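Heads up: the sequence lines are chains E, Y and L, in that order. In this text, residue positions in the first sequence follow the working numbering: the first is 1, and each later residue adds one. In this text, residue positions in the second sequence follow the working numbering: the first is 1, and each later residue adds one. In this text, residue positions in the third sequence follow the working numbering: the first is 1, and each later residue adds one.
For the record, the hints were derived by calculation from the structure and aren't laboratory data. Bear in mind that the values here come from a model prediction, so they are computed numbers and not experimental data. From the three backbone atoms N, C-alpha and C, an ideal C-beta is built for every residue, glycine too. A portion of the hints provided could be inaccurate.
[Claimed, not checked] DEER-style ranges, computed between Cβ atoms:
| no. | chain 1 | residue 1 | chain 2 | residue 2 | range |
| --- | --- | --- | --- | --- | --- |
| 1 | Y | R136 | L | E118 | 50 to 58 Å |
| 2 | L | A340 | E | L170 | 26 to 34 Å |
| 3 | L | F110 | Y | R59 | 28 to 36 Å |
| 4 | L | G376 | Y | D134 | 49 to 57 Å |
| 5 | E | L170 | Y | D133 | 30 to 38 Å |
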Amino acid sequence: MKFLDRMMEQRSRELAQRSSRRGLLKGLGSLLVGSAAIPLLPVARASAAGNPGQPVEEGDPSSCDYWRYCAIDGFLCDCCGGSANTCPPGTEMSPVTWIGTCLNPADGRNYVISYNDCCGKSSCGACLCQRDEGDRPPYRPDATNDINWCLGTSSAAYHCSTAIVVGVALEDS
Amino acid sequence: MTKVQAAIAALLLCSCLPASASGTAAENSRAYRQAHFDYQMNCQGCHAPDGAGAGSVPRMKGHVGVFLQSQQGREYLVRVPGSATSALDDTRLAAVLNWIVLEFSGDSLASDFQPYSAAEIGRMRQQPLNEVDDYRVELLRTLSDASGRNQ
Amino acid sequence: MYQALKRWALVPAAGLLVSLAPTAAGAEDRPPPLPIEPIGVIETLPATYPESWFLVHDAAFFHMSDGKVYVIDSAEDTVAEQVKGTFNVALMGNILHSARRGEIYAVETFHERGTRGERKDYLTIWDQQSLAPVAEVFLPGKKRFMGMPSRETLLLLNDQRWLAIANFSPAASVTLIDLEKREIISQVPTPGCTFVYPSGDRGFSSLCADGRFMSTSLERDGSIAQQVRTDAFFSTDVNPIFERAAIINDTGYFPGFDGMVWPVDFSGKTAKVGEAWHLVPEAERAERWAPAGIGIIAEDDLGRFYVLMHPDAQDGSQNGGGPEVWVFDPKKQARVARIALKEWGLSITVSRGKEPKLLVTNPVNMGMELYDAQSGDYIKTITDIGQETPLMLYRAE
């Protein structure tokens with residue numbers, strides 16, 4: 001089940017990174033091995049080394065690990081016919097959403113990320129990710145990914161999530 | 001930074017930072033970016049990047065200035081829950097409200113706008129509105145009656 | 001799998017009958033024929049669900065308009081006996097069971113053409129014996145709270161005569177339902193404050209973006225008597241609490257991301273926040289244990305509450321679940337048991353009665369492990385009942 005693959009990929013990576021309690025990895029089984037084999041593909045942006053003066057970002061927009069997905073919870077539109085910042089054909093992008101910041105390791109800047117959902121079709125089903133950095137419960141709606149953000153769209157059916165760079169965060173705020 | 005942005009930044013600075021009647025260009029720029037960032041992080045998700053709103057979220061673009069025509073309207077912008085109960089402190093809330101008014105009002109704002117101060121915000125936000133929709137409708141009706149134009 | 005095995009088992013027997021029948025001496029030597037069976041019999045469930053029963057809310061994350069609740073008996077050992085029935089809850093709905101009223105309330109959303117066409121929200125009232133919908137109340141405004149399954153969006157109040165439904169449009173409000181008349185009483189704005197927790201006999205409290213409660217008390221006709229905002233008691237940025245609480249004798253226990261727990265007295269009209277205490281014993285704090293998951297907390301009838309815990313907590317780990325369930329005695333403000341789970345846990349609930357059982361959804365294969373809630377002993381795994389994403393679990397009331 002893809003859900004589990006992705007969920008476990010995320011969970012097992014976190015565990016592998018931060019836990020010395022090997023017992024926790026019991027039960028994750030081959031998923032852990034599988035996830036370790038997933039290569040990180042460069043995105044289309046110029047690499048830092050090759051093109052000085054060009055903006056840079058690196059990583060695979062179809063992987064939960066991609067830097068701008070630091071607080072995403074749902075299916076990656078990149079795996080559904082859209083991209084990290086566009087919706088798949090025939091869906092509707094919700095104008096109402098929530099906003100967070102993620103660190104782009106390629107340039108060391110924090111960016112303001114708008115997590116607009118794409119709506120109007122049933123769950124995309126591919127590339128389910130759950131990352132919750134900076135996520136808050138729904139009593140802080142401006143900072144929560146637990147709400148179905150297909151608000152302000154004609155259909156409340158959730159399809160997938162984008163992560164759109166809408167600004168550069170201030171360094172010390 | 002455009003001229004308009006610089007003007008807004010100057011206003012933001014003199015309203016929110018004590019003893020800095022006219023900031024340097026760098027300070028102005030910093031104040032503007034801080035207010036814009038705070039708007040993005042706390043407001044933009046629902047109110048949209050340009051204040052246009054969506055669905056049940058009221059439109060601020062080209063409209064929000066009308067509330068500054070009365071003291072009650074001025075308080076309304078602070079007492080709405082998105083402002084009053086936001087995680088921003090008084091100084092930054094004042095700055096972001098001034099930024100919203102100056103950035104989104106268009107010709108709905110009278111020329112004698114007095115920016116919000118942190119102290120003013122601190123007082124007004126103590127009483128968040130509970131029945132916002134009713135209050136807003138009544139407020140706009142009053143403003144409309146007073147100005148003789150349809151708000 | 002189980003069904004398939006049963007079918008295969010019949011094949012040799014059937015072959016035997018066919019081969020033997022022609023050579024049998026006479027009809028009188030065979031056993032009497034099977035009785036003729038009536039067509040159209042539909043099962044029903046008991047007026048009181050046994051303590052071993054649970055409601056498993058499968059939000060169907062991969063096809064949300066087809067969400068489903070399984071009514072299961074955890075005391076049984078085969079799928080055929082575990083599954084008592086199901087009902088649907090469309091598009092990330094939520095449920096609440098009232099044993100006293102013999103009804104299960106489900107708030108759900110439909111579009112005229114499945115995923116498109118006009119959106120309509122309903123409160124659907126399911127009879128707990130027939131598991132059939134006996135009434136529905138149209139919820140106008142396309143605004144009911146829709147998100148990850150939550151126990152905090154529905155609340156029975158006024159001696160279970162009313163139901164409060166949390167809305168988020170993104171304006172926050174509450175729709176009040178008269179369950180006797182099965183109609184809407186009123187719409188109550190709760191600006192900046194979300195969810196519904198009990199408050200007094202005829203009121204509710206909501207959690208606000210600035211770290212306080214707003215308590216609403218209602219008149220007999222459902223109109224607002226007063227709305228009071230308490231003092232802020234936490235920072236939603238710095239030390240946020242979970243919106244999910246255990247409620248024991250009118251006191252809510254709200255765990256924080258940081259491992260503290262806030263007791264909140266809901267017995268009066270206005271929520272009263274008490275002193276927070278630490279869930280993690282001092283000697284273990286270096287391991288950075290903290291709550292995490294979806295259904296992270298539950299209470300039992302012995303006055304204890306249960307929290308799903310994980311070590312090495314950090315920003316972003318708060319929804320991921322954990323490897324242990326810790327049991328607390330709130331009177332002693334102390335942990336009384338530590339249950340190491342057989343599989344990683346994502347959501348928990350505890351059955352009612354004097355011999356509580358703990359049921360835990362595991363995200364590894366989306367099965368559910370059952371434990372003795374007092375000894376912590378693993379009892380069994382319940383799976384293959386057709387569930388896909390059982391994200392929220394409820395005890396049968």
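Verification of the supplied hints:
no., hint, verdict
1, R136(Y) x E118(L): 50 to 58 Å, "27 Å, violated"
2, A340(L) x L170(E): 26 to 34 Å, "44 Å, violated"
3, F110(L) x R59(Y): 28 to 36 Å, "29 Å, holds"
4, G376(L) x D134(Y): 49 to 57 Å, "53 Å, holds"
5, L170(E) x D133(Y): 30 to 38 Å, "34 Å, holds"
Checked against the numbered hints listed earlier, the structure breaks hints 1, 2; every other hint is satisfied.
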